[in-house]
Structures are given as C-alpha cells and as structure tokens.
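J.: First to last, the protein sequences are chains X and D.
Note that UniProt numbering has the first sequence beginning at 1, numbered continuously upward.
Note that UniProt numbering has the second sequence beginning at 1, numbered continuously upward.
Just so you know, not all the hints are guaranteed correct.
[Said to hold, decoys possible] Short, incomplete list of chain X residues facing chain D, as computed with Cβ under 7 Å: (1) Lys133; (2) Gly382; (3) Thr388.
[Unchecked claim] Simulated restraints, written as ranges between beta carbons of each label pair: (4) Asp49/D with Gln80/X: 24 to 30 Å; (5) Trp395/X with Thr153/D: 29 to 35 Å; (6) Glu307/D with Phe119/X: 47 to 53 Å; (7) Glu74/X with Lys113/D: 44 to 50 Å.
[As the list claims (entries may be wrong)] Derived DMTMM-like pairs (lysine to aspartate or glutamate); straight-line CA-CA distance at most 25 Å: (8) Lys308/D with Glu328/D; (9) Lys33/D with Glu206/X; (10) Lys363/X with Glu310/X; (11) Lys84/D with Asp217/X; (12) Lys84/D with Glu206/X; (13) Lys308/D with Glu74/X; (14) Lys33/D with Asp291/X; (15) Lys29/D with Asp364/X; (16) Lys348/X with Glu420/X; (17) Lys33/D with Asp217/X; (18) Lys131/D with Glu77/X; (19) Lys221/D with Asp109/D; (20) Lys28/X with Glu12/X; (21) Lys363/X with Glu175/D; (22) Lys29/D with Asp291/X; (23) Lys308/D with Glu92/X; (24) Lys33/D with Glu53/D; (25) Lys363/X with Glu179/D; (26) Lys113/D with Asp237/D.
I should point out that these hints are in silico values taken from the structure, not numbers from a laboratory.
Just so you know, these numbers come straight off a predicted model, no measurement behind them.
For each residue, glycine too, the CB sits at the ideal point set by N, CA and C.
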Amino acid sequence: MSKSDIAFVRREMLPEKAPPATAAGPIKWVRDNLFPGPINTVMTLLAIYFIYQIVSGAMPWFLNGVWTTSSLAECREVLQGATGGCFSVLTERWNQLLFGFQYPSEQYWRPTLAFVLLFVAVAPVLFVALPRKLLIFTGLYPFIAFWLIWGGTLLVPLVALIGLIVGYVVFLRFETKGFATAALTGVVAVVLVWWLGGFVSAAASETLALTPVPSRDMGGFMLNMILGTVCVSLSLPFGILLALGRQSDMPIIKWICVIFIEFIRGVPLITLLFVANVVLAYFLPPGSNFDLILRVIIMITMFASAYIAEVIRGGLAALPRGQYEAADSLGLDYAQSMRLIILPQALKISIPGIVNVSVGLFKDTTLVSVISMFDLVGMIRGPILAATEWNGVYWELWGFAVVLFFVVCYGISQYSQWLERQLQRDHR
Amino acid sequence: MKKTVILGALTIAGLSAGAAAAATLDDVKARGKLNCGVTTGLVGFAAPDANGEWQGFDVGVCRAVAAAVLGDPTAVEFVPTTGKTRFTALASGEIDLLARNTTWTFSRDVDLKFEFVGVNYYDGQGFMVPKSLGVTSAKELDGATVCIQTGTTTELNLADFFRVNNISYEPVPIETNAEAQPLYLEGACDVYTTDASGLAATRAAFENPSEHVILPEIISKEPLGPLVRHGDSEWGDIARWTLNALIAAEEYGVTSANIAELANGTDNPEINRLLGTEGTLGEMLGLDAEWAKRAIMAGGNYGELFEKNIGENTPIGLSRGLNAQWTEGGLLYSPPFR
Numbered sequence: 001m002s003k004s005d006i007a008f009v010r011r012e013m014l015p016e017k018a019p020p021a022t023a024a025g026p027i028k029w030v031r032d033n034l035f036p037g038p039i040n041t042v043m044t045l046l047a048i049y050f051i052y053q054i055v056s057g058a059m060p061w062f063l064n065g066v067w068t069t070s071s072l073a074e075c076r077e078v079l080q081g082a083t084g085g086c087f088s089v090l091t092e093r094w095n096q097l098l099f100g101f102q103y104p105s106e107q108y109w110r111p112t113l114a115f116v117l118l119f120v121a122v123a124p125v126l127f128v129a130l131p132r133k134l135l136i137f138t139g140l141y142p143f144i145a146f147w148l149i150w151g152g153t154l155l156v157p158l159v160a161l162i163g164l165i166v167g168y169v170v171f172l173r174f175e176t177k178g179f180a181t182a183a184l185t186g187v188v189a190v191v192l193v194w195w196l197g198g199f200v201s202a203a204a205s206e207t208l209a210l211t212p213v214p215s216r217d218m219g220g221f222m223l224n225m226i227l228g229t230v231c232v233s234l235s236l237p238f239g240i241l242l243a244l245g246r247q248s249d250m251p252i253i254k255w256i257c258v259i260f261i262e263f264i265r266g267v268p269l270i271t272l273l274f275v276a277n278v279v280l281a282y283f284l285p286p287g288s289n290f291d292l293i294l295r296v297i298i299m300i301t302m303f304a305s306a307y308i309a310e311v312i313r314g315g316l317a318a319l320p321r322g323q324y325e326a327a328d329s330l331g332l333d334y335a336q337s338m339r340l341i342i343l344p345q346a347l348k349i350s351i352p353g354i355v356n357v358s359v360g361l362f363k364d365t366t367l368v369s370v371i372s373m374f375d376l377v378g379m380i381r382g383p384i385l386a387a388t389e390w391n392g393v394y395w396e397l398w399g400f401a402v403v404l405f406f407v408v409c410y411g412i413s414q415y416s417q418w419l420e421r422q423l424q425r426d427h428r
Numbered sequence: 001m002k003k004t005v006i007l008g009a010l011t012i013a014g015l016s017a018g019a020a021a022a023a024t025l026d027d028v029k030a031r032g033k034l035n036c037g038v039t040t041g042l043v044g045f046a047a048p049d050a051n052g053e054w055q056g057f058d059v060g061v062c063r064a065v066a067a068a069v070l071g072d073p074t075a076v077e078f079v080p081t082t083g084k085t086r087f088t089a090l091a092s093g094e095i096d097l098l099a100r101n102t103t104w105t106f107s108r109d110v111d112l113k114f115e116f117v118g119v120n121y122y123d124g125q126g127f128m129v130p131k132s133l134g135v136t137s138a139k140e141l142d143g144a145t146v147c148i149q150t151g152t153t154t155e156l157n158l159a160d161f162f163r164v165n166n167i168s169y170e171p172v173p174i175e176t177n178a179e180a181q182p183l184y185l186e187g188a189c190d191v192y193t194t195d196a197s198g199l200a201a202t203r204a205a206f207e208n209p210s211e212h213v214i215l216p217e218i219i220s221k222e223p224l225g226p227l228v229r230h231g232d233s234e235w236g237d238i239a240r241w242t243l244n245a246l247i248a249a250e251e252y253g254v255t256s257a258n259i260a261e262l263a264n265g266t267d268n269p270e271i272n273r274l275l276g277t278e279g280t281l282g283e284m285l286g287l288d289a290e291w292a293k294r295a296i297m298a299g300g301n302y303g304e305l306f307e308k309n310i311g312e313n314t315p316i317g318l319s320r321g322l323n324a325q326w327t328e329g330g331l332l333y334s335p336p337f338r
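Next up, chain X with everything else stripped away, as it sits in the complex:
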C-alpha cells in the first residue's frame, strides 16, 4: 500500500460533452436511416432523384398556374407555351363541382350549413369524451339536413320526427308484451302519424318554408357526400340486423337474410344502379316519378348493408362461445344479451372492416355518374369537359376530385385507427 504524494481529488463534475457529431442529431439520423449500407445508399439516392424529377416537373405547373381567365384558349394565350396549369376552370366552375350546376346559387349556404352541422352531429358519436347531451342533436340532424338541402316546409321533417317519437313511445308502452308485438304496434303508430301528418303538411305547405330544390338539381361533391353519409349510416343498422338474422335459429328469417346477402353480393353495384334508374321505370305506373336519388340511396344501402352484414358476422363469429353462454347464464333474453354483451364486442372487432366498406362505398358513389347523375365525376365528365370553353382541361379537374376524395377517405381512415387504439382492451 504505497501512498502517492500527488493528491488529486476532483471537486466538481465535468460538464457533459456533446456526443460526437456522428453519433447524435440529424447526422446520426441520416446515417442510420438513409445511408446505413451500400444498398440503402443507392436506394436513397435513387429515391431522391425520382422525387426531384417529380417536383421539378410539377412545380412549374403549379407555380405558373393561371387562375383568372375564362376559357382554356385564354389560358394558353397567357401561358404563351410555357408549362402551367389552367386552374381557372376551378375558380370559374368551383360551385358546379361542389353543388352541381342546377342548385340555385343564392341557396348555397344551405348545403354548406348542413355540411358544417354534420360535424357537430357526428362528433358525439365519434368521440365518447364529448357530453352525451349532444346526441340529441345527432338524432335531430337528419331532419334538419333534409330541410336545409331539399327545402320546402319544415312540417314535413317535423311530422317524420314526431312519427318516430310516437312510434318509440308506443314501443316502450308495449315492450312488456314481447319484442315483436311492441315493434309491430310501434310501426303501425308511425305509419298512422305519417299518414295524418301528410295532410297537415300538404295543407300548410308554406309554413317555415325554404325554397324547395328538387332532387334532380342535386349534384357535384354534395351529391357524393349525401349518398355516402346517408348510405353508410343506414347500412350499419341494416347490416347488423342482417348479420343477426343470418345467425338466427328461425329458418325463414335465416334464409331470407342468407338469400338477400348472397344475391346482393353476387351482383355488381353498377348493375343495381342500372336497375334503379332503368328497370324500375318500367315497373312503376307511367307518370309516377319515384325520386331518382331515393332509388339510388335504396340500392346503394342494400349493397352496402350486405357487405357490412358479412363483416359483422365475422365479428360475431370471432367471439368465444363463452360470451354467449355467459349472457344466457345471467338470464338475459335475446335482445338484451345482444345489446349488452355480444354486439359491443363484435362491433369493436369489426371496426376495421366496417371502415373499409365505408371508404369503398364513399368512392363507389361516383358510379352514379354512369346513370347520368351529375356527381363530382359526372360533372367533370359531362358538362364541364363538354363546355366549349373547357374542353381539353384534364389534370386540373381530376386533380381537384382526387384531393377532395383523398381528404375525406384519409380522414375516415385516421379516425378509425385512433378509435381502435381507444378501444384496446386486449390482454397484451
């Protein structure tokens, strides 16, 4: 044990040194992620090259874009042969792209307001954290939206609403006598109220009336939104009923559901749309004009509910048998066990599939352009490209349609991923 003369005791900590430049910060990130090895380096360089090509090709097109002319010929005059988009078509025809060419322009605030209110109505359904009282507005929303978009007297949606409320009250009154009896009396009450209310609203058609807009005048992205929203929200309950019906022990109900689902899934949507447009016109008495949008909504809803039924059936099948038995052992009847035990779990499993069907359905609404309805795609393909001023503008119009659809579909998909994380109950 020798003792050193030189005593050194460090009294304070050395200040921390920055890590070497190659081991931290952006340089490390670049090295780790972009150039970790020869193969990846080559890939990165190639990717950069392609991105450069795309951006350098597209930027002048965006930056030189012409926004203020009134025809394609004028656009070309302004550009003098330089690369540039003719975005004037969007500034001149934006209203037709969004609302169709027949919706009266002084009434644009109505669908716009309905669109904004849609978010208010949907929010409490999508986000559980919001106050539950907002759900009352959600229930009222379909009637408000109908009144705003189609116009006419407020009495029509009001009668429809009162009818449903009366039906529900009657249902509650008779619920003790069994589900089927109660449901049947409820339906009878609804029809009765609607029938009586029809006289009232016909007699007082000027009460609180907005300028009525016929269905034929709907168009543009608004039509896609109407079809998408209505059909998705209608097809969910129908899909659930069909899925439950398909699993039912009662043979008639079971076979009706099976045949419906298999038939609808075996037929392309475009065929159903042609049936709605063309064939139904033969069956209906001449002169009667059954609203085309309504026909299309019915067909798309049938189509979507068949698909959603299969998705939900998958969710039901994925539940362990023990869940069904647990519900039975608690003494719950069929309706209760489904409502309280089975469906909440099955629906949670089905969320990705349901979202998938909804996004697909929303995009499928553009198919109505084939049966001469002027949705966004129909507007572009028909009237706008056929106008002498804009014949020949392609990229700008289709790009606009792509952006609109992408925003909506990406939004839906992001929400569903968030929702799945929220509902995570697995033992992991």
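Assemble chain D onto chain X, guided by the hints.
T.: Positioned in the frame of chain X, the structure of chain D alone reads:
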C-alpha cells in the same frame, strides 16, 4: 276468382298505360313542362354553361318544341341521358322527346319502337391524323394504329372500310371521347376516328389545332335526329313539324330578327301559313295558330341555331356541308307547309 281480379288489374294497368302513351300532348300541357332527353354533355350539341343553363344545338330543338307547345322556351325539364340509358328513358315515358345526337337506324326505328321525326344533323364518320404524318387520304393509312370507341357503330364502320380497301390497321380501344383526346395527343395512336362533328370539336380543343388534319373521307352515314315513342302519332307530328318549321323558316328567310314583322302578313302564302296568319295548320296539330312563330323565336331558325352553337364562328367551327338547305346543295329539305 283471384285470377279474374289479377287479370282485371292488369287490363286496367294496360289501359291506363295505353291512355298515357296516347296523349303525350295532354300530359305535357298538364305538366306545364316538356321532359326532353339530352346528352350528359357534348361540345356544341348540349352542355350546361357556367350559370347552369343548357346550351347547344340539340337543346335548341327541345326549346323550340316547348315554345310551340307551351308557349315558353324555358319550360323544359332537361333529363340528361347517357348512351346506355337514353332509349329506356324514352320507352318508359320518363321523357317525351329525345334530342341526343342519336343516329337514325333501321333497328332503332323498327325494333326498339321509336319514331325518328327528322334529321337535324347529317353526320358521318371521319379520320383525324397529325399533319406531321403526311397523310392526305384515309386509304394511305395501311398499318396505322387507330383510336376507336368500343361498342359503337363507328367500330363496325371502321372494320368495313379497311376490309373493303384491303388495308390493315391496329385498333386501340377507348371508352369515351374525353379519353381519346389525351391518348391521341400523346401518340398512343396515329389516327383518331369518330363522327366528323366530334372530330372537329376535339380538334378545336387542341393547343395547336393546325397541326392536325381531318381527312376528306367520310366512311358512314350518321343522320342524327330527335325521336319519340311509337304509338302517339299526334305527338310525333308536333315534333316533326316543329323541326320542319325551323328548317323551312331558314329556307324562306324567316329569322328571329324579322319574324315579328313578317308575322303581320306577307305576300308569300307559304310564310303566312307557317306563321299562322293564313290557314289553320296549328289547329290541325292541336296547337294554336302561332305555334311555329314561337318555335322560331325560341332560338332562331335552323341556320341561326347552327351558327350560334356549332357554326364556323364558334370554336367548333363546323361548315354547313351536307346540312345546308337543298337550294344550296345540302340535304335539308322540309316538306311544304300547306
């Protein structure tokens, strides 16, 4: 017993359907609007403008009929139809009149049970090629790639033409005119073929129209005209003679500018009968005396409609060609008004 009830119901349904079909004029008058089928959009022939008003050559026919029957050229409900839905829309009674650049063929007239009331545009299939190809006649197109719409008569005409001339071609199938335009410009095909009016409209939309030529050969007959259902000849007569009135008005020099003056009576008895100051032609049709006057005032006579929508001063720039009056070497020939 049950069977009789069903049969009875069917008979009543059939009778009411027959009655409805037989009185299109009464239906239109009761409705106060003419349901007129048009295309979903074809440059120059029918397309809504920036204000949502339908404009075009076929639209002019609808407006003339509405003016003749209802006295108001704006009392038209335009029902847009595609090539696939147009005939069912007419057959089912959804529309009263179809004015949608439809070619008059035997099977459509006879087998589909429609009645073409005349021809408002004589078209024919033509070819467009880039000038740089140096081709001056369709017969020099041996081995060319041709953009062609599938499922149309143009496809069959093309095959016939090349077979008759014993030359070969390679078809590039496309769905719509709008799809053809970029394909042709990118050079995916050497030749684009469709109706000559469509070619002219397509070429007019190009950045450099002068770099493309339309070849002189017209290889098919495409008489385009308005049509109505079989079984209501009275209604068919109204549509036919409204179209004839537009054509005759041009022949006699009656325009929307001078019609008010001519309607006071002229020395020409034919004009007088047309405009209702002489004779009872309107009454025979079940309309009033001034029906033709209103039809002509709606958008002008045939020549005015042509010039305004597809004529040489429009971007489409079609010349009259076959669609000139018979007095000027064309095919337009209205039967006499007497």
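J.: Going through the numbered hints above, which ones does this structure break? Give me the numbers in ascending order.
T.: Hints 1, 12, 15, 20 are the ones this structure does not satisfy, whereas the remaining hints hold.
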